[in-house]
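Asks: Chain by chain, the residues run as shown.
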Amino acid sequence: MQLCCVNIRTIAIQLQYLSANRPVPDFNAPPRPPAIVLHDLTLGYERHPAVHHLSLTLPPGALVAVVGPNGAGKSTLLKALAGQLPPLGGHIDGLGTGQRVACLPQHSGIDRSFPISVQELAMLGLWHEVGALGRYSAAHRRACHEALAAVGLLGFERRGIDTLSGGQLQRALFARLILQDAPVVLLDEPFAAIDQRTIHDLLALLHRWHAQGRTVIAVLHDLAQVREHFPHTLLLAREPVAWGPTAEVLTAAHWTRALRLQEPFDDEAEPCDTTAHGVPA
Amino acid sequence: MNSALWLAPFLEFGFMQRALLGCVLLSVSAAPVGVFLMLRRMSLTGDAMAHAILPGAALGYLVAGLSLGAMTVGGIAAGLAVAVGSGLVARHTVLCEDTSLAAFYLLSLALGVLIVSTRGNSVDLLHVLFGTVLALDDAALALLGGIATVTLLALRVLYRPLVLECLDPGFLRGTSRWSAVAHFGFLALLVINLVAGFHALGTLMAVGMMVLPAAAARFWVRRLQPLLAVAVALALLASASGLLVSYHADWPTSPVIVLCLGATVLFSMLFAPHGLRRPQRPARSHLQA
Amino acid sequence: MTHLPASLPRRTTTLAALALGLAALTPSLHAQAPLRAVASFSILGDIVKEVGGDRVAVDVLVGPGADAHVFQPTPAHARLVGQAQVVFANGLGFEGWLSRLLKTSAYQGRPVTVSQGIPPLKSEAEHGHGEHHKGHSHDEIDPHAWQSVANVKVYTRNIAKALCQADAASCDLYQRNARAYEAKLNELDTEIRAAWAPIPVAQRKVITSHDAFGYYARDHRVSFLAPQGASTESEASAKGVAQLVRQIRKDQIKALFVESISDPRLIEQIARETGVKPSGALYSDSLSAPGGAAPSYVELMRFNTRALTAAVRGQ
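Heads up: the sequence lines are chains A, B and C, in that order. Quick note on my numbering: the first sequence kicks off at 3 and runs consecutively. Quick note on my numbering: the second sequence kicks off at 701 and runs consecutively. Quick note on my numbering: the third sequence kicks off at 2 and runs consecutively.
If you are wondering where the hints come from, they were derived from the structure by calculation, not from laboratory data. Heads up, some of the hints might be wrong.
Claimed, not checked - No more than 16 angstroms apart at the CA atoms, straight line, and that leaves these computed lysine to aspartate or glutamate pairs for EDC-like:
(1) C/K162 / C/E183
(2) C/K154 / C/D55
(3) C/K278 / B/D837
(4) C/K240 / B/D798
(5) C/K251 / B/E712
(6) A/K81 / A/D95
(7) C/K240 / B/D747
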């Protein structure tokens, strides 16, 4: 029923815009994410690898959890997928320039004292539509309203972000992610220090994205969440330990292997010869 | 109110009209830049920049003698070099913005002092370069007008990127290529406003009009666009009042205008809705939700 | 009773001739090494040169066109001062930087303050107030004593005395030069008074940007009005400028001068406001370059007087 109402409203907006001869923002168009293929990827800092020889194929529309012990290279992997870290070795296919990726980093560099309202923060996600100079249309404002409703922040539109709690700010950032409308969504520990109710609502949102066909990759620590909500998992301990359906990956044997990961970088280590390392199925 | 108090001085003297126009132009131009400066925690940049422009002015003096045009152009060039250099260092190395700016302006100042000394002539360059609000000629007014126009246009264009650059620079870098444009565009606006301000009105007024209205406005409103509007309004009000007070009390004009701006800050701090007053008096009753 | 020999023995004659010859040579031996003197600024340097003539090599610290109020000495200046045998300074607070410079250089003696004995003038800047002086009168002494020719005569005498002390052998020369220069100064003084004589006192009003002409004003009853203080640091006040503009309009003042060192814009603003065209520059604190209009003190005073009288007469 709700979907029907949304569709009628969308048609009405489209008719209105067609008459004004303006490009129509279509928020219900199915996103078409690419298959993301990692070829023998090595990522690191100052020649020390944080991710070592990772090769795998992420099918389009996958809902993937990335888990592993501390220092396993999970955040590093997400940075590379977002295009912020050039690889030390290997390459990534499917995420070239022009491919929009929405990213929620672990420590968002947001200045929480900035005088901006929740609505304005969320609307910044519409950059891909309006750019630096474009005006927000009524359709944009409606989409923002829907996004805030989806994250449970209706009524918070005019509140300053400096008045929000941690959970509320995270919801606002998720609203921004919704409006970014990207085919690939990367989340780095999105539920750290967040209350249960918020986590529940945001997980529902992840499922909605998955249903819409987007590729969602999330770094998580809570294995119960992973088992319950994520069909695919990558267990990373600098080297790939296991990748595939969650039940098959999260076994005791795999975890034992993962926990043997040496955390600190070894200054005395030998240079690595770049023969590809096999990935366990 | 007796119009002799506030209208007559402007009607009688052309230089007062020009001074008022200069104040208006600078308010409209520098106050919004000052708001962003405050939000980026760079409010001390103005004073540093006043010293950083010395080698440019010195080179202008070497080339063309006591020509204000040459020295101002040299000053802008030096200011831009320092701003861009420190911006690049802050973006690509471990140094933060404030340290890199301090490093660059000190280098620049020392270079300027060296150039001036080796020339052998001890003219106080910076004193000559810095004007006074009572001596605005047509060229200076045109410069201020031009700077105001450029600033307002640039802020209109750069508004959203600049907001993002201050609010969430990582997001901006991930979403578009406007990051560098916003960062360096803002620094360029800062430099031209400061140098034009120095040239026309002296350091005290140029920096004062940038920093103080923003600080005062912060106590009144909580959103960015109202902040910009209130800062401009306060700048206009305080500078016009300062001009009149200086006229009637026979006090030097630039310090009085800046003191008026400062008084606005103090008043706002004490009596504005978001100033000191707020935590002191708890509300007598509270709402249900 | 002894009789003097009729003629001197030959050996004595040769010896006497030799002695005379040597005595004749020694002054020129002295002349090989001129006295090293340092003057603080260009005008003073010129006067010292007049008195010292060829016997004195004068170096000037604040050269032509530079601003002595904000002068910053360099190591080269310290070396000069250290090697000098006499250092001449104006005094009256003109060279705020000199005491520090003398300490850092190796200068043994004390500087000669040439303005010793001159009754100093208070720096009463007439900011266009008319007769009444407000409470903000400066308690400073006006250091520009050289603007009065009578004071420069005192300077000359003090310089001659100091040079005599440093170099007793050439004292006669110095005294002679001093007297000749004083005669020139007397001529100059007469000239200036004659130039001002036909102009009624009420008309002798001039606007400048620098309060440097207090002594000149006193000597020749000229009113110098300025919107700023005596040094280049003070700020202008709106009311001060307004009152000045009103006075110019009321008294029909036609003489407006912009000084070469300071920012000319304020004076130009006043010129615009009142419709008075600026009459060029006056030389107050320094000589011009050697080829310019005021390469010596006498030329400077002549130039200033000519410019002032012409402007006041409306030419």
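Asks: Please go over all the hints and tell whether each is borne out by the structure.
Replies: Comparing the hints with the structure gives:
1. C/K162 / C/E183: 14 angstroms, holds
2. C/K154 / C/D55: 20 angstroms, violated
3. C/K278 / B/D837: Satisfied, since the Cα-Cα distance of roughly 15 angstroms is no more than 16 angstroms.
4. C/K240 / B/D798: Between C/K240 and B/D798 the Cα gap is close to 40 angstroms, so the pair fails against 16 angstroms, i.e. violated.
5. C/K251 / B/E712: 14 angstroms, holds
6. A/K81 / A/D95: 15 angstroms, holds
7. C/K240 / B/D747: Answer violated: C/K240 to B/D747 is near 28 angstroms, above 16 angstroms.
Of the numbered hints stated above, those contradicted by the structure are hints 2, 4 and 7, listed in ascending order.
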